[in-house]
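Residue numbering for the sequence shown follows my numbering, beginning at 195 and increasing consecutively.
Read the hints as simulated data drawn from the structure, not as lab findings. Any given hint could be a false lead.
[To be verified] Straight line, CA to CA, 27 Å or less: simulated DSS-like cross-link-like pairs of lysine-lysine:
1) K344 x K551
2) K344 x K236
3) K272 x K495
4) K438 x K272
5) K318 x K300
6) K344 x K677
In this text the structure is predicted, and so the values were computed from the model without any measurement.
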Amino acid sequence: MSETESRAGRRGGREARRAMRAAPLADNQRPVWPGLEGGRYKPLTDADIQKIHHAALDVLENIGMADPIPSGIEVMTKAGAKLNSNGRLTFPRALIEDTVAKAARKFPLYAQDPRYDMEPWGSKVYFGTAGAAVHMVDPITGEYRESTTKDLYDVARIVDTLDHIHFFQRAIVCRELTDPFEMDFNTCYASVFGTTKHVGTSWVAPEQLEASLQMLHSIAGGEDKWRERPFVSQSNCFVVPPLKFAADACRCLEVAVRGGMPVLLLSAGQAGATAPASLAGAIVQEVAEVLAGLVYVNAIKPGAPAIFGTWCFVSDLRTGAMSGGSPEQALLSAGAAQMGQFYDLTAGTASGMTDSKVPDAQAGYEKAYNHALVGNAGANLIYESAGMHASLLGYCLESLLIDNDIIGAVQRTIKGIEVTDESIAMETIRQTCLEGPGHYLGADQTLRLMQTEYVYPLVGDRTTPKEWVEQGRPGIVDRAIRKTRQILSNHYPAHISTAVDDSIRQRFPVRLPREAMRKTAAAAE
Numbered sequence: 195m196s197e198t199e200s201r202a203g204r205r206g207g208r209e210a211r212r213a214m215r216a217a218p219l220a221d222n223q224r225p226v227w228p229g230l231e232g233g234r235y236k237p238l239t240d241a242d243i244q245k246i247h248h249a250a251l252d253v254l255e256n257i258g259m260a261d262p263i264p265s266g267i268e269v270m271t272k273a274g275a276k277l278n279s280n281g282r283l284t285f286p287r288a289l290i291e292d293t294v295a296k297a298a299r300k301f302p303l304y305a306q307d308p309r310y311d312m313e314p315w316g317s318k319v320y321f322g323t324a325g326a327a328v329h330m331v332d333p334i335t336g337e338y339r340e341s342t343t344k345d346l347y348d349v350a351r352i353v354d355t356l357d358h359i360h361f362f363q364r365a366i367v368c369r370e371l372t373d374p375f376e377m378d379f380n381t382c383y384a385s386v387f388g389t390t391k392h393v394g395t396s397w398v399a400p401e402q403l404e405a406s407l408q409m410l411h412s413i414a415g416g417e418d419k420w421r422e423r424p425f426v427s428q429s430n431c432f433v434v435p436p437l438k439f440a441a442d443a444c445r446c447l448e449v450a451v452r453g454g455m456p457v458l459l460l461s462a463g464q465a466g467a468t469a470p471a472s473l474a475g476a477i478v479q480e481v482a483e484v485l486a487g488l489v490y491v492n493a494i495k496p497g498a499p500a501i502f503g504t505w506c507f508v509s510d511l512r513t514g515a516m517s518g519g520s521p522e523q524a525l526l527s528a529g530a531a532q533m534g535q536f537y538d539l540t541a542g543t544a545s546g547m548t549d550s551k552v553p554d555a556q557a558g559y560e561k562a563y564n565h566a567l568v569g570n571a572g573a574n575l576i577y578e579s580a581g582m583h584a585s586l587l588g589y590c591l592e593s594l595l596i597d598n599d600i601i602g603a604v605q606r607t608i609k610g611i612e613v614t615d616e617s618i619a620m621e622t623i624r625q626t627c628l629e630g631p632g633h634y635l636g637a638d639q640t641l642r643l644m645q646t647e648y649v650y651p652l653v654g655d656r657t658t659p660k661e662w663v664e665q666g667r668p669g670i671v672d673r674a675i676r677k678t679r680q681i682l683s684n685h686y687p688a689h690i691s692t693a694v695d696d697s698i699r700q701r702f703p704v705r706l707p708r709e710a711m712r713k714t715a716a717a718a719e
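Working from the sequences, and respecting the hints, build out all of it.
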């Protein structure tokens with residue numbers, strides 16, 4: 195064979211392998227998938243977990259929670275909580291233990307498309323968005339501008355296309371909407387119209403939630419169908435750390451529980467500010483607060499689906515500002531995952547809240563080590579995992595794609611190494627070394643495993659320096675910008691009928707223009 199023929203053969207082989215990698219795989223053949231089993235990383239020992247658990251019980255029994263609303267006092271005291279003369283609710287140990295024993299377990303989080311239903315229990319791991327960023331970030335200029343309803347819709351439809359982001363929780367605030375009703379309703383609207391994956395969002399008043407439930411009933415085909423498959427969960431900050439109930443959030447919690455909506459019981463104390471500076475103490479307080487929320491939910495409706503949302507945040511103690519990308523954040527969230535497993539409850543926590551203001555090297559390394567530790571700790575639902583910057587203040591569309599690559603790689607570490615008689619590869623080694631070419635590039639096992647065992651980035655670069663130069667030396671942000679434009683120009687979800695949308699728009703103040711939800715000739719260009 196001539197050198198020219200040999201080069202042509204190598205090129206042909208590379209092209210064939212690239213074509214194979216580009217071909218879509220069946221779900222059961224993918225190298226990673228939603229719900230991989232984590233739990234190998236354990237920053238807390240069994241003894242540590244017991245100490246935190248008993249300390250949390252002590253906090254609830256002897257310190258309790260301040261500022262309960264009257265309806266909350268009524269249901270929780272009937273369940274066994276005690277209202278003290280200082281106005282604080284305390285919770286006997288037996289009440290907490292009984293509540294944990296009867297709390298909902300192994301409840302799915304449904305999606306509008308059943309392909310995206312999640313089973314977040316045990317040590318199964320799912321990654322999603324979340325947050326309330328008030329700015330959108332330009333990845334090139336670093337300019338920050340106020341976020342809008344259209345931005346939220348665009349975030350949702352990008353998430354709808356990404357393999358490694360498994361659910362969508364409201365990530366940004368619709369800043370152009372000043373009326374609280376319109377803001378909350380349109381946040382829910384833009385989210386459920388933008389993606390078929392499970393959605394999470396929040397409300398500040400019961401009437402906003404009631405209106406949104408009516409919309410969700412229409413989309414589901416009736417209240418009964420909604421209750422069978424509730425595809426939206428409520429993110430509820432029912433507590434103002436340290437150890438105080440939040441009145442408006444508690445009223446919304448009661449509506450959600452009675453309306454059949456899963457509730458994320460979110461306690462977001464910030465170590466060194468609204469939670470103890472010691473990492474163990476911060477976890478104790480978060481666990482105590484969420485256990486109180488669990489009593490609240492089960493006092494309203496025993497066995498109602500509730501997510502154990504210990505979101506332990508971190509302060510930079512030099513300034514008091516939040517530090518979402520710190521190693522302490524990774525440790526706290528990993529420890530929170532272990533506590534959820536200890537109680538055998540569906541647990542959600544936060545990871546990926548880089549302190550960097552733009553998608554750069556700092557953003558990459560902060561998100562990567564946080565996700566690696568929290569994912570391998572087995573957190574069921576990992577919120578804030580994609581797109582976020584400036585410790586929850588800024589959001590970047592292009593970072594969604596970069597973070598999707600990070601999460602895919604982290605999922606591969608969660609999956610681990612399969613050791614079987616076949617994967618040990620004795621026969622492949624024998625054939626290659628004794629009978630074959632002395633390398634494994636063309637081996638049957640290599641070709642068989644190249645897609646099922648190996649993860650490839652969507653926008654990350656693995657070209658040679660020569661190929662990179664020929665392409666114009668693009669960076670990862672350049673590739674993410676191109677891919678983002680491609681998605682936004684072409685992907686307009688149409689899973690909700692125009693007739694249903696018409697009925698919603700006739701009844702409620704929808705502020706997302708129809709034109710922003712349809713492909714136009716200009717967008718196609």
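Here is how each hint holds up against the structure:
1. Distance restraint check for K344 and K551: the Cα-Cα separation of roughly 22 Å lies within the 27 Å cut-off, and the hinted pair is therefore satisfied.
2. Distance hint between K344 and K236 is unfulfilled; the C-alpha atoms sit about 41 Å from each other, more than 27 Å.
3. A C-alpha spacing of about 12 Å is found between K272 and K495, which places the hinted pair at or below 27 Å, so the restraint holds.
4. About 20 Å separates the Cα atoms of K438 and K272, which keeps this hinted pair within 27 Å; it holds.
5. Using a Cα cut-off of 27 Å, the hinted pair K318 and K300 holds, with the two alpha carbons roughly 11 Å apart.
6. With a C-alpha separation of about 19 Å, the suggested pairing of K344 with K677 holds against the 27 Å cut-off.
Consistency note: the structure conflicts with earlier hint 2 alone.
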